[in-house]
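Could you build all of it, start to finish, from the sequences and the hints given here?
Each chain is listed here by its residues.
Protein chains: 2
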Amino acid sequence: MELIDGNQIATTIVAELKAAVAALGGRPPCLALVRVGDDPASVSYVKKKEKTAEEIGVTSRVILPPVTITQDELFKLIDDLNADPAVDGILVQSPLPKHIDEVAVFRRVSPHKDVDGFNTINLGKVAQEDETGFVACTPAGIMELLARSQVDLKGKHVVVLGRSLIVGKPVALLALQKKAGANGTVTICHSATANLPAITRQADVLIAAIGRAEFVTADMVKPGAVIIDVGINRVADATKKSGYRLVGDVNFPAVSPLAAKITPVPGGVGPMTVAMLMSNTLKARRLAATAR
Amino acid sequence: MELIDGNQIATTIVAELKAAVAALGGRPPCLALVRVGDDPASVSYVKKKEKTAEEIGVTSRVILPPVTITQDELFKLIDDLNADPAVDGILVQSPLPKHIDEVAVFRRVSPHKDVDGFNTINLGKVAQEDETGFVACTPAGIMELLARSQVDLKGKHVVVLGRSLIVGKPVALLALQKKAGANGTVTICHSATANLPAITRQADVLIAAIGRAEFVTADMVKPGAVIIDVGINRVADATKKSGYRLVGDVNFPAVSPLAAKITPVPGGVGPMTVAMLMSNTLKARRLAATAR
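Protein sequences, first through last, are from chains A and B. Residue numbers for the first sequence follow this note's numbering, beginning at 612 and rising by one. Residue numbers for the second sequence follow this note's numbering, beginning at 612 and rising by one.
Hints in this document: simulated from the structure, not taken from any laboratory. Remember, predicted model here, so these are calculated numbers, not experimental data. Check the hints yourself; a few may be wrong.
Using 20 Å as the maximum straight-line C-alpha spacing, the simulated SDA-like pairs for lysine to any residue come out as follows [as the list claims (entries may be wrong)]:
1. A/Lys-872 / A/Pro-834
2. A/Lys-833 / A/His-801
3. B/Lys-790 / A/Ser-775
4. B/Lys-789 / A/Lys-872
5. B/Lys-789 / A/Pro-834
The following block contains the structure:
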């Protein structure tokens, strides 16, 4: 069994991006980070993004509207960033307060600055295999992890557990693309799937993204499979100071001995997400530099 | 074995649409049909669409630019139709001459008038399960055939053969949606799939859309499966006056005895496409009547 080390791969990508940014002519790429309110997880995610941006040489502009901001005010704020030629990428940190329509906000971000890849047009472009768009960071990170671990999906059966808009569906569409590294046969399973273990046992590559702690057990996995665990779940643990520990959607102790390659949680897919956000920001900067 | 009669189901839908159009207040729905040049298949498709529109009470406006039209001129023509409040739906008949970028043309059609469902935004909305968009006519027709044949996909394994942008991918996304009638477990196979018969034999519902004459043989099908044949292929036949006959992607004589339900070719999916185009045009008319 080989561990797919997301921290190490992300570190390599960050170093590559830093070199690419240094080689850019003109001003550095600029990423606007919009965080509404003070949700503790959001505070920590945005801080991590700021820190990585700084490391790479990407300018970040952090905007902190109060939790009472109206949807129209937030639209206005996004419209201003869309129109600002000094801003290349815009990220609106999820989750937003309940009085705001999150999908409408993501759709408001200009497709050319949508470094989170949540705009409807960019999702459509993934289906169309149109590389002018932006791929959402988690599915892009999964494909990058596989490519850098020498896992070629061609002719392989890829089983995706979960059909979410931000992971399951886009990663399925990416794995299906007719291009080098992809070209997999893809099955998408979910809560209504019958005989789930019989299907997941067919997977040469199993991508678990259902948000249920240690859901994938040894009987659901074919020996020699590659396992990508997207889940990040808290489970109570009295031995920890925090009172909990983080586990994935895969029962790691039981499944890892069977796997050819497997991502740990934490330290697998997680670190890739911020690296891909920075990669998208550099892409947006390059797009902005060419005529549209 | 039960034959799924696409002609009969399409006739029922046309009658329903006729009643719905008659019950509409204000002007009738208007569909612009743009046909570039005189490709014989396109001439016949557009004629069929005009005829069905007339039957339902939809006004059609047929526009016949010469095959020498430039891409910019075609864009201008589409922009005018996009801006015309008397036009609800716009269809640009495929194929277009080689000097024109087809995807760019489809993207030029306003998403609100895109009754063909080929605009990137409308494809993204299928993935997002956002019902304000338009679903492409062939995949929409397949879902309608299944629903009207009492085939509920929930908990079923749906295998889609083919990953095209206009059939395979959108029908896979539709079958996967978390809504009544859908909710299937979905596998997408294609030219690079290994052990194809072992996968198609798992299908409770098999949707064949690869454009290869009589490709699906009896050994690829589980007894009791529902078979939807999207293919329309010409094969040489000296006994026919035309010198050919039409066959699907399924070897009908060999497979039909095994199937619980199966669509014939012709007379299965084909007739549904025009019916769904008219359904989309009525939807566009209703959307136009409400504030955007």
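Going down the list of hints, with the structure as the test:
1. A/Lys-872 / A/Pro-834: Given pair A/Lys-872, A/Pro-834 holds - Cα atoms ~11 Å apart, limit 20 Å.
2. A/Lys-833 / A/His-801: holds (19 Å)
3. B/Lys-790 / A/Ser-775: holds (14 Å)
4. B/Lys-789 / A/Lys-872: violated (32 Å)
5. B/Lys-789 / A/Pro-834: violated (31 Å)
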